[in-house]
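Q: Take the sequences, apply the hints, and build the full model.
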Amino acid sequence: MVLVLVDHDHGQLDELSLQAVTYGRELAASTGEPLDALVVGADGRSVAGALGEHGVTTVHVAVHEGLTDYAPLAWARAASEVATRTGASVVLATGSPRGNEVLAHLGALTDLPVAADCVEVTPGSPTKVVRARWGGSLMEEANLHGSPALVSLVPHTIVADPGGSASGDVAEFTPTFSDADLLVIAKPAAAAEESSGVSLADAKVIISGGRGVGSAEGFAPLEELAELLGGTIGCSRVVTGNGWRPHTEQVGQTGTKVAPDLYIACGISGATQHIAGCRNAKTMIVINTDPEAAIMGYADYAIIGDIGKVLPAIIEETRKAKAG
Amino acid sequence: MDVLVCIKRVPLSGGKFTITEDGLDIETAKLGFTISPHEEVAVEEAVRIVEQHGGSVTVLTLGPAEAEEQIREQMAIGADRGILIETDSQEWDPQATATAIAEAITEDETDFDLVIMGNESADASGYQVGIRVAHKLGRPIVTGVKAMTVEADKATFERPVKTGRELYEVSLPAVVTVLDGLNIPRYPSVPGRIRAKKKPIERRNPERPESRLVKTRLEVPVTESKQAQVLGSGPEAAPAIVEIFKQIGVI
Ligand SMILES: Cc1cc2nc3c(=O)[nH]c(=O)nc-3n(C[C@H](O)[C@H](O)[C@H](O)COP(=O)(O)OP(=O)(O)OC[C@H]3O[C@@H](n4cnc5c(N)ncnc54)[C@H](O)[C@@H]3O)c2cc1C
Ligand SMILES: Nc1ncnc2c1ncn2[C@@H]1O[C@H](COP(=O)(O)O)[C@@H](O)[C@H]1O
Chain U
71 MVLVLVDHDH
81 GQLDELSLQA
91 VTYGRELAAS
101 TGEPLDALVV
111 GADGRSVAGA
121 LGEHGVTTVH
131 VAVHEGLTDY
141 APLAWARAAS
151 EVATRTGASV
161 VLATGSPRGN
171 EVLAHLGALT
181 DLPVAADCVE
191 VTPGSPTKVV
201 RARWGGSLME
211 EANLHGSPAL
221 VSLVPHTIVA
231 DPGGSASGDV
241 AEFTPTFSDA
251 DLLVIAKPAA
261 AAEESSGVSL
271 ADAKVIISGG
281 RGVGSAEGFA
291 PLEELAELLG
301 GTIGCSRVVT
311 GNGWRPHTEQ
321 VGQTGTKVAP
331 DLYIACGISG
341 ATQHIAGCRN
351 AKTMIVINTD
361 PEAAIMGYAD
371 YAIIGDIGKV
381 LPAIIEETRK
391 AKAG
Chain R
3 MDVLVCIKRV
13 PLSGGKFTIT
23 EDGLDIETAK
33 LGFTISPHEE
43 VAVEEAVRIV
53 EQHGGSVTVL
63 TLGPAEAEEQ
73 IREQMAIGAD
83 RGILIETDSQ
93 EWDPQATATA
103 IAEAITEDET
113 DFDLVIMGNE
123 SADASGYQVG
133 IRVAHKLGRP
143 IVTGVKAMTV
153 EADKATFERP
163 VKTGRELYEV
173 SLPAVVTVLD
183 GLNIPRYPSV
193 PGRIRAKKKP
203 IERRNPERPE
213 SRLVKTRLEV
223 PVTESKQAQV
233 LGSGPEAAPA
243 IVEIFKQIGV
253 I
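These protein sequence lines map, in sequence, to chains U and R. Its first residue numbered 71, the first sequence is counted upward by one per residue in my numbering. Its first residue numbered 3, the second sequence is counted upward by one per residue in my numbering.
Keep in mind that the hints were calculated from the coordinates and are not lab data. Check before you lean on any hint, since a few could be wrong.
Claimed, not checked - Straight line, CA to CA, 25 Å or less: simulated BS3-like cross-link-like pairs of lysine-lysine:
(1) R:Lys-148 x R:Lys-164
(2) U:Lys-390 x U:Lys-274
(3) U:Lys-392 x U:Lys-274
(4) R:Lys-156 x U:Lys-327
(5) R:Lys-148 x U:Lys-327
(6) U:Lys-257 x R:Lys-148
(7) R:Lys-228 x U:Lys-352
(8) U:Lys-257 x R:Lys-164
(9) R:Lys-228 x R:Lys-18
(10) R:Lys-18 x U:Lys-327
(11) U:Lys-379 x U:Lys-392
(12) U:Lys-198 x U:Lys-257
(13) U:Lys-392 x R:Lys-248
(14) R:Lys-228 x R:Lys-32
(15) R:Lys-248 x R:Lys-228
(16) R:Lys-248 x U:Lys-274
(17) R:Lys-248 x U:Lys-352
(18) U:Lys-390 x R:Lys-248
(19) U:Lys-390 x U:Lys-379
(20) U:Lys-327 x R:Lys-164
(21) R:Lys-18 x U:Lys-352
(22) R:Lys-156 x R:Lys-138
(23) U:Lys-198 x R:Lys-148
(24) U:Lys-274 x R:Lys-228
(25) R:Lys-18 x U:Lys-379
(26) U:Lys-352 x U:Lys-327
(27) U:Lys-274 x U:Lys-327
(28) U:Lys-274 x R:Lys-164
(29) R:Lys-217 x R:Lys-32
(30) R:Lys-156 x U:Lys-257
(31) R:Lys-18 x R:Lys-217
(32) R:Lys-32 x R:Lys-18
(33) U:Lys-352 x U:Lys-274
A: Structure, rendered in structure tokens:
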């Protein structure tokens with residue numbers, strides 16, 4: 071049996087979980103096993119129907135009075151119980167912060183190896199996986215020894231697609247917890263300040279600045295162009311490290327991963343760790359004084375020149391074009 | 003307050019990674035080495051906690067003898083002592099790494115109130131060593147933290163989520179994994195670098211257990227290797243750029 075750990079927000083199914091279910095269905099078909107899902111919390115009953123449409127035979131719903139908010143260790147304990155009871159051969163989670171966290175707890179509880187951020191899983195002994203390293207700058211082929219195989223799937227590896235119509239039977243159970251399992255529980259808090267604009271991750275146009283911008287003030291023309299194009303500001307880690315911009319704007323392996331229609335990289339050299347965050351831009355334009363900068367190898371168009379001279383000209387030309 | 007921070011020596015690539023002939027490693031002959039930004043902010047936070055509460059900061063790494071360089075760098079910004087779990091040059095899988103780290107922590111004479119780790123390592127990105135160490139120590143763990151307040155016997159951790167943020171309150175001792183953006187790490191000072199040379203590093207040499215997640219090949223993903231079309235070398239290229247804006251429909 072292939073068991074997928076499904077995340078939901080008070081009964082609202084999470085898109086990445088549906089991707090994992092879709093992938094899990096393919097795995098189950100390849101090994102000729104049924105596909106099951108685990109949902110934690112009483113709200114889980116309400117998503118069983120939708121999971122059936124995605125090919126899930128049995129939806130295990132863990133219900134416990136201590137389980138209203140997210141509790142990573144308790145979720146893993148419930149997963150461990152179901153995996154043992156059903157003899158799962160693969161446990162698949164989403165490669166999201168929660169998915170990877172619960173899976174790591176499950177690995178620790180069962181003393182089994184875990185392969186996080188996979189793009190390909192071939193069950194067997196050992197299970198073969200292809201997984202992302204360095205934020206996706208490198209791919210690793212690896213053998214995972216142990217059963218069940220504990221794996222998570224990189225977000226957007228596959229498109230979620232309702233395909234198998236399985237029964238989606240609900241099997242409710244009360245997991246057995248110790249006090250320690252419920253020590254760490256999330257208390258949801260509202261965002262400190264609701265940001266008004268589009269989030270960086272969803273932006274269609276990003277004007278991004280690196281060390282070459284020179285200072286916090288140097289971002290003024292980038293902001294002006296962003297305003298004209300209905301875009302938002304991104305930056306490199308050198309910029310956040312210097313305190314020129316907040317970390318919420320950092321693009322890259324340890325920042326945000328973006329996929330805009332247009333990414334303009336101003337004074338950014340193109341380190342692999344920065345590219346890890348913007349390689350999915352549809353069009354990339356570079357403004358850089360160095361024709362040899364690594365970022366040239368990832369961009370569509372480039373101007374070899376000083377931002378201080380080039381940006382004002384682009385702003386003026388854009389104004390003209392918009393006016394007339 | 004005694005704080006331990008786990009850091010990992012990793013190569014720092016400029017533009018692209020090159021893979022060694024056997025397909026198993028990154029070609030590092032021309033590369034420098036560093037640690038993950040997640041771990042840089044972890045050390046900075048530990049130093050701040052000790053500046054506020056008193057105590058000590060220890061940095062621990064499992065890696066080759068050369069990883070002493072990464073320990074000394076973090077000593078230059080304020081760590082007091084180091085633990086180097088020396089390995090052969092082979093990669094240790096997450097379970098082996100966590101076991102060795104937990105053993106070193108248990109056997110150390112200091113009872114650490116807080117262990118801080120990165121949310122994921124820069125190179126392997128396994129998302130698990132911190133959680134495995136917490137289980138072995140029997141301590142609570144919170145992961146993916148971007149803000150924290152530490153008091154004498156408890157800590158509050160904040161983690162960003164799509165809908166805002168989550169708060170976690172745990173009593174110490176505990177383990178926490180953190181994210182870049184938690185703080186802005188300071189640069190080492192010259193006196194800091196000089197002091198770092200004399201600080202103590204304790205070495206350990208455990209046997210490597212059998213790997214259960216075994217790397218068989220590394221590969222640079224096949225992204226269409228592009229070469230940017232150069233539109234000009236100054237302001238005169240602006241009209242061509244605006245032409246592209248029109249083509250792709252952003253104006
Ligand atoms: C594990 C790890 C994770 C990391 N995560 C991230 C991450 O998430 N995001 C990130 O960005 N970095 C990350 N980094 C850091 C990364 O390795 C680079 O150090 C960083 O991206 C470099 O930033 P930069 O391009 O702004 O600066 P530099 O590399 O210094 O490049 C500056 C560029 O500006 C150009 N320039 C200078 N003056 C001008 C001018 N007047 N006009 C035009 N061009 C000019 C130069 O030619 C150069 O190409 C990470 C590093 C590690 C080790
Ligand atoms: N070899 C190592 N030495 C010291 N700490 C490590 C090592 N490997 C992982 N860690 C710690 O565990 C965190 C998560 O690593 P990982 O599970 O590989 O993503 C890292 O950010 C480090 O804090």
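Q: To test your reading of the hints: which numbers does this structure violate?
A: 4, 12, 23 and 25
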